[in-house]
Structures are given as C-alpha cells and as structure tokens.
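There are 2 protein chains.
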Amino acid sequence: MSDLKDESALHVNKGVHQPSDVNNEAINKFKSKKKSDISVDELVNGIRSGNITLLSRAITIIESSNFAHQKIAAQIVEKCLPHSGNSIRIGITGVPGVGKSTFIESFGKKLTSMKKKLAVLAVDPSSEKTKGSILGDKTRMEELSSDPNAYIRPSPSSGSLGGVARKTRETIILCEAAGFDVILVETVGVGQSEIAVHGMVDFFLLLLLAGAGDELQGIKRGIMEMADAIAINKADGDNIEKARLARAEFINALHLFPLPESGWSPKVFTCSGLHTEGLTQIWNSIIEYLEFTNNNGYFKKRRLNQAKYWMYETINEGLKENFYNQPEIKQKLEDLEDKVVKEQACSFKTARHLLESYFKHIERQR
Amino acid sequence: MSDLKDESALHVNKGVHQPSDVNNEAINKFKSKKKSDISVDELVNGIRSGNITLLSRAITIIESSNFAHQKIAAQIVEKCLPHSGNSIRIGITGVPGVGKSTFIESFGKKLTSMKKKLAVLAVDPSSEKTKGSILGDKTRMEELSSDPNAYIRPSPSSGSLGGVARKTRETIILCEAAGFDVILVETVGVGQSEIAVHGMVDFFLLLLLAGAGDELQGIKRGIMEMADAIAINKADGDNIEKARLARAEFINALHLFPLPESGWSPKVFTCSGLHTEGLTQIWNSIIEYLEFTNNNGYFKKRRLNQAKYWMYETINEGLKENFYNQPEIKQKLEDLEDKVVKEQACSFKTARHLLESYFKHIERQR
Chain V
0 MSDLKDESAL HVNKGVHQPS DVNNEAINKF KSKKKSDISV DELVNGIRSG NITLLSRAIT
60 IIESSNFAHQ KIAAQIVEKC LPHSGNSIRI GITGVPGVGK STFIESFGKK LTSMKKKLAV
120 LAVDPSSEKT KGSILGDKTR MEELSSDPNA YIRPSPSSGS LGGVARKTRE TIILCEAAGF
180 DVILVETVGV GQSEIAVHGM VDFFLLLLLA GAGDELQGIK RGIMEMADAI AINKADGDNI
240 EKARLARAEF INALHLFPLP ESGWSPKVFT CSGLHTEGLT QIWNSIIEYL EFTNNNGYFK
300 KRRLNQAKYW MYETINEGLK ENFYNQPEIK QKLEDLEDKV VKEQACSFKT ARHLLESYFK
360 HIERQR
Chain Z
0 MSDLKDESAL HVNKGVHQPS DVNNEAINKF KSKKKSDISV DELVNGIRSG NITLLSRAIT
60 IIESSNFAHQ KIAAQIVEKC LPHSGNSIRI GITGVPGVGK STFIESFGKK LTSMKKKLAV
120 LAVDPSSEKT KGSILGDKTR MEELSSDPNA YIRPSPSSGS LGGVARKTRE TIILCEAAGF
180 DVILVETVGV GQSEIAVHGM VDFFLLLLLA GAGDELQGIK RGIMEMADAI AINKADGDNI
240 EKARLARAEF INALHLFPLP ESGWSPKVFT CSGLHTEGLT QIWNSIIEYL EFTNNNGYFK
300 KRRLNQAKYW MYETINEGLK ENFYNQPEIK QKLEDLEDKV VKEQACSFKT ARHLLESYFK
360 HIERQR
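So the sequences go chain by chain: V and Z.
With numbering that gives the first Met the number 0, you'll find the first sequence wraps up at 365, consecutive numbering, no jumps.
With numbering that gives the first Met the number 0, you'll find the second sequence wraps up at 365, consecutive numbering, no jumps.
Because the hints were derived from the structure by calculation, they are not lab data.
One thing to keep in mind: the hints can contain errors.
Put simply, identical chains are the same to the list, so a pair is met inside one copy or across any two.
Said to hold, decoys possible - Taking lysine to aspartate or glutamate pairs in the DMTMM-like style, the calculated list, with each CA pair at most 20 Å apart, reads:
hint, residue 1, residue 2
1, Lys348, Asp337
2, Lys307, Asp334
3, Lys338, Glu77
4, Lys299, Glu248
5, Lys78, Glu290
6, Lys299, Glu287
7, Lys266, Glu248
For clarity, every value in this text was computed on a predicted model and none was experimentally measured.
For reference, chain V alone in the conformation it holds in the complex:
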C-alpha cells in the first residue's frame, strides 16, 4: 500500500516551477527595511523566491479591507498570475467532528515526507463573527505547523462568503507563485462555502463518518454529489466494520448517480487520520484523477471555466457590496425584510423600491 504515484510527469500548467528553499539572505535584506519601503516588485520577487515572510505579508495585504491595500493587492496578484497554476488544488470538507484537522495533519505529513511543499488554506465565513477562524488554527495541527515544508494560513475574515472566497483564490495564486506543490483548502459545512471551495479546486474530497446506522451525520444535501472522492474516517478500532459497511453502501448508492462532467467515477475509501491509515490510497486516487482529467481535457477546461466564473463572481460581489453598503439601503433593509417575511409587503415591489432609490442616489453623486 505504499505504492505512491509520482505526479511529477504531469505538467499541470505552463512552466515547470521548482520549489525553492527559503532564501535567508533575502529575508535579512528585507527585514532591515521599514515595512513601508517594500515595493510590489520586491514583494513579488520575494514570493517567487519562496520567502514565507513576504508571502504572509502579501496575503495579509490581500485580506485587508483597506482601499489602498486593495489596489496594491491587485497588482501583486496580477504579477503573480503568470507564475501560478502549477499546483494540485484539493478541497476538503466534512462536518465538525469528522476529524478533519487530524486527517489534514496526517495527510499533510505524508505529503511533506514525499518532499512536497504544502499550503493549507481555509474558507470559513463564520470567522467574521468570531474574529478568528477555527479552521487553519495552528494549534489544531501542531506537528504540521512546525514542518518547514508546510504553510498553514487561517481563513480570511470578511463581511461575506464572496469576499472570503475571492481572497482565498487570490491566496492560491500567490502560494503557487511561491512554489507550493499542493494546496489544501478546507471548509466546514457553513452556508454555501463548499460550493465556493469546489469552484476553486481541482479535486474535492468529502470526509464522512459511519453513523449509528449507515446514515450520514449532519452533511448537507448536495455536497455528496460534488465529491470526487469520499473518505469514511475513523475506520479504526471497534469502528472498522461499520466503516466498511458504510463504504459498501455508498459505492452502491453512487453508481446510481450520473457521472460528473469530468467522466470520473467518484471513489469511496475508509481511512483513519489518527492512525495514518488509508491515506496513501487517497493520494494515489488524486493522482489517477489528475491523469484521467488531463487526458480527457477536463482538467484544463475546468480551470478555464473557474477563471471565468471568478471574474463574474467578483463583478457580482462588487455590485452587491456597493449596494448593500449604502447607508440609506442599510437603514431601510432590515425593516423591509421583516415586512416581506410577514407578508405585509410584496418582495418584488420592495426590491424595486430599493433599487430605484439606489440608482437615483448613484446618479446624484458627483
């Protein structure tokens, strides 16, 4: 079972990018400057040479709501874009309690032991409320966070899922320019976060638990059909038999569903993050998937569609942000929404009324 597949033959995108070691000399040079002295070009060069400090700084700029920072962020992303694309992007989701942190730590350690540079990102829209994300918390993955070949970043906090998703996608571009080979994006089942993550990765892995019966614990409907592989975790100790039964049931169920657009039949595995079992087969399956979808053209097509999708998502987010942040709209909206819900007002008329006052308001501005 240690027949690890080698994906180096896969040229994921233009330019074969070699992971670099951290450049100590460069770090010292940059550290000696005042923070404000760093130009965009210096930042980008630092990122491309694998300088983690500068990478972190650039990501912080990307996550900033400050208007001036957003301009700089756009320049950084634009300059990193030609050097991006050459990683394997894997989305991981599962309900709280499924053992995601332990799984990612074990899986991550396996990848770094294979000499891969790994970035672990997170999409957690609830981080806005808690002002800190449960996901990407380094204390959850202590071993991995002290691994020199792993980089763990908590979820951006933001006003909306759209904002968090966009910043994460930009962060992926930067991490790829910095030479990371594998990028994991984790998310819990909050709102539409799985859809957002699915829209920015190559492969989507769903972690499940075998239940008291064989039913699923808490997973949201619709997520199952997004998965390229399902891993039934905690297949250890007394739980092994239950996990295997659940696996058999899922294999039966999945073959009733239509094939995804990729043409790939989703796989079902059992594994144990805690005991580091079954992880190799999951990785091998990801490599098979990449070979398969590179061969049939789906991989490239999906990445291009994702780029287009994110352009439109960014436009639509921008339109909504401008609207919902207008003080007049903010003031009226809560009351109107309440009336609509109580059926005292027509949802359409309310919407049209708000839109009219918004467009008049914009026109009056100088």
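Since chain V is already given, all that's left is putting chain Z on it; use the hints.
Just chain Z now, with coordinates in the frame of chain V:
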C-alpha cells in the same frame, strides 16, 4: 388505489378562497372596452372573479419588458398579493424524453376530475433563443388544454433565468388570486432552472426513467437531493420490472442521505403517465407531505424564506441587469472574458476594472 386524500382541511394560507366559475357577464363587459381602458383595479377584480381572459392579459403585462408595463405589473402583483398563497405549488422536472408532458396531462386530468382548478406554468430559460417555449406548449397537452378547469401558460421568454423565474413567481401570485387550487411549475434540466423552481414551490417532484442498467439517464447532479418525491415513469409493458428494480435501488440510496430540512423522507414511486397508473399514490404523497410540514411548521417557514429569497434575488438581478446592459460594459466584456479564459488577464483585475468604469459612469449620469 383510488383512496384519494382530501386536502380541503388544510388551510394553506390566510383566507379560504373558493374557485369561481368564469363570469360571462364580466367578460362581455370588459371585451367591449378598448384595451387601454382597463384600470389596474378592474384587472385585479377580474382576476379575483376568475376571469381567465383578464388573468392572461395581466400575465402578459407581467412578462413584458416595456418599462411602463413593469410599473403596472408591480401594481397588479401588489394588489393580488393579499389574495394569494392558497394553492399547492408543485415543481416538476425531468430530462427530455422522460414523458413529462404525458405525465402532466394525466396527472392534471386526475386533479380536474377531483374538481380542482389547475394552472400549469413553465420555467424555460431557453425560450429566449427559440422565441417560444417547448414547455407549456398546448399542443403537447391537448386534452388538458381544452379542460375548462385547467389553464396552461408557456414559459415567459426573457434575457435571463432570473427574469423568467421572477415573472413565473409573480404569475403564481396572480393565479392564486384567480382561485387556482394547484399550480404545477415544470422545467427541463437547463442551467439552474431547477434551483429557481425549487425556490418557488412547496413540493418538488422528479421524474426519472429506469435505464439500461439502473443508472440515471441524463439527470444533473444535485437535482436528486432536491426532490421530495421521485417517480420512475414509463413503468408499463416490458419496462415494469426494470422500473421496480430501479425503485428499490433508489430507496436504498436515498436512505443514506441526510434528511432534508423538512424532516420528510423523500418517497420513490413507479408510474405510467401514458396508462394513468400510479398517479394517485403520488398525489396522496403530496397531501401527506403538506400535512406533515404544516404540522412541524416547515411549510410556513419555507414560504416565508422563499419570499425573503425572492426579494434578494430581485435586488441582485436588478443590480446585474443595470450593469450588464451598459453599452460600455457590453462592448468590453466579451473581449475581456476571452482574455481571462486564455489566462492573459487576471479575472479579479478585469472585474475590478469593469466595476470602476461602471460606478464612474453612473455617477456622471444626470
């Protein structure tokens, strides 16, 4: 199997509304006036008295892109809203070839034989291209379209799914004010149309065919989990055994999935639209569902959430319409999208560039 359930005990919403016969005298009175003489109040009164001619006219106004008509449409909907809500809204989807028309005709005839007034609407975003919808085409359902208690309306044609969906939802309100007891909304599996329909109905029915194996024919992933009931059609002649097998497989598969928010376990049936078999059990299942969700409060909660959802959908559609219809944006967009897809331009920078020019442009307008 003719143990039909009676839902009259269910008070679906405020006010018990009795279906009325067409008011011949009223028709003659309105016909004698010039079209332009009809006031909104007269239209609404006509709708409420069950006048199908005036209902059709009002729906045509709702479907119009003409700006003046949109103002009138908003008034009509607002005045009908207090008299709406008292119908059972059922969404029906299935792949082309599943026998949807035949099913709806047979199912519809059963409902009208039970003295129910039935409206059949359609959401078909492709109707824009063909300038006519395949769905709601009266020649497909000849018997039903000549049934005095049935009203069949083709899909609105529109520039976008959002527009089609909104107009259909407004049409539902008008049909309910006109006294219809059951409203079927059909859709084919195009784009996101199932999601839109699912968001405007109480119950979502998925029609399937048993395949050569037991796999699904052409259904889009994600739709299965939306269904409150699945009906495997064409369970007749040589196909009966295959249909029953498929049913058994689906029942097994479905119980692996989490329960929907309603708490209702989706049901799986076999039926034959052509031979009018199995339709009673489907209708009984719908009634059970209504009882179940009325009792646990989900029915009301869902309708309120749908109202709120449509308010936000209408706002977001309005924002997008204004943006994407700007000549400057139209002109730039195709070229920029092409560059993004070819990875010659960053999707975010492109989006931000377009947004900036849009907001500047709006501000310059008087």
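Hints versus structure:
Taking identical chains as interchangeable, the C-alpha atoms of Lys348 and Asp337 lie at most 20 Å apart only when both belong to the same chain, with a minimum of 14 Å there against 37 Å between chains. With identical chains, the CA atoms of Lys307 and Asp334 are at most 20 Å apart between copies only, with a shortest distance of 12 Å across copies and 36 Å within one. In this assembly of identical chains, the alpha carbons of Lys338 and Glu77 lie at most 20 Å apart only when taken from different copies (13 Å versus 45 Å within one copy). Within a single copy, Lys299 and Glu248 get their C-alpha atoms no closer than 33 Å, and across copies no closer than 35 Å, so neither meets the 20 Å cut-off.
Taking CA atoms no more than 20 Å apart as the test, Lys78 paired with Glu290 passes in neither setting, with 29 Å inside one copy and 59 Å between copies. Taking identical chains as interchangeable, the C-alpha atoms of Lys299 and Glu287 lie at most 20 Å apart only when both belong to the same chain, with a minimum of 15 Å there against 47 Å between chains. For the homomeric pair Lys266 and Glu248, the shortest alpha-carbon distances inside one copy (12 Å) and between copies (19 Å) are both at most 20 Å.
Of the numbered hints given earlier, the model fails hints 4 and 5; all others are met.
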